[in-house]
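J.: Single-letter residue listing:
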Amino acid sequence: MSDHTQHEAPGNYRSYIIGFLLSVVLTVVPFWLVMADVTSNVALALTIIFVLGAVQILVHVHYFLHVTLKAEQGWQAMSLIFTLILLVIVLAGSIWVMLHLEENMMPAHEQIERVRNLP
Amino acid sequence: MNTNTAVIDTPGEGPVTGAGGPLEFHVVESQDGHHDEQHHEDGGGTMLGFWLYLMSDSLIFGILFAVHAVVGQRYAAGPSPADLFEIDMILVSTFMLLFSSITFGFAVMKMYENKLRGMTIWLLVTLAFGLGFLVLEIMEFSHLVHIGATPSASAFLSSFFVLVGTHGLHVTAGSLWLVVLLVQIHTTGLTPANRRRMLCLSLFWHFLDLVWIGVFSFVYLAGVLL
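Note that the protein sequences, when read in sequence, are chains A and B. Residues 9 to 127, numbered by the working numbering, are exactly what the first sequence covers, in order. Residues 76 to 301, numbered by the working numbering, are exactly what the second sequence covers, in order.
Keep in mind that a hint or two might mislead.
Here are the simulated EDC-like cross-link-like pairs (lysine to aspartate or glutamate), alpha carbons at most 20 Å apart as the crow flies [said to hold, decoys possible]:
hint, chain 1, residue 1, chain 2, residue 2
1, B, K185, A, E110
2, B, K190, A, E16
3, A, K78, A, E16
The set of hints was computed from the structure by calculation and includes no laboratory data.
Please work from the sequences and hints to get the whole structure.
T.: Laid out in structure tokens, this is it:
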């Protein structure tokens, strides 16, 4: 491919519309889940919300941001993967550490009372 | 001493040489000395640099999400998400951003087709959706402050306002950038520089929609359920 050719669009109308329709479905389902009180199982509902959110992020990355393994000699995908690793470390690490810290640092109200009423 | 200086000062021979001549440790502007924007038709390194900026920006959001994950349920006997959030309005603002994402995509397609008029129309539609999103967010924030759910009310509200507010500031900056870009396109036309700016802004705009997926899933929907 010559350097002087007009640069090709990375996407096309069809890919934008496919991405949009997928995003609509992936947005409506979690909102419907919450607004219509579909299930009383909170853990199940949270799992569905987060999985669909993650899928929608992938849809946006592919159809809107047009990230490919080849773009910028692979540096675009490489930096994205690097950032994802950092995000997983920061998020999972923070939640894990802080929840454990909380267990050790914040006695429940009854425990305080029990200590206070010690003979 | 003498020999050392002589070696370094030898003209035409750098201290480090590669196979094809001296290695360059700085950005080479252009071979023929031109400094205009014509030489950055595809953005040169700009697109990758802007992408790296977005990656660092997502680290900022990642940290704010982590903070919200840690303190998001510390209500300090104040209101909880179920008391405060109006999910139907969040659905409306989510769709505002989603529509603005696809209309920006159409504007980019019009740019590749060199249709200035269509591109302008789609950009204006995008701007309208972006501003609509901002209006809804400002209304939500002012309502929360009005009923006393201020950032100082609880740790949950502090992190909520910082996280959602940071996203809102990004959308504000993106809207301002969009206005500036519209002015630039209409003063200088579809120049390579303006195309590059357009592609950078499209990345920024889609990125903001992407962050919003995290916000509505994690802050609003999960917040109301918990």
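J.: Next step is simple, just say for each hint if it's right about the structure.
T.: Results of checking the hints against the structure:
Using a Cα cut-off of 20 Å, the hinted pair B/K185 and A/E110 is violated, with the two alpha carbons roughly 54 Å apart. About 15 Å separates the Cα atoms of B/K190 and A/E16, which keeps this hinted pair within 20 Å; it holds. Using a Cα cut-off of 20 Å, the hinted pair A/K78 and A/E16 holds, with the two alpha carbons roughly 14 Å apart.
Hint 1 from the earlier list is the only one contradicted by this structure; the remaining hints agree with it.
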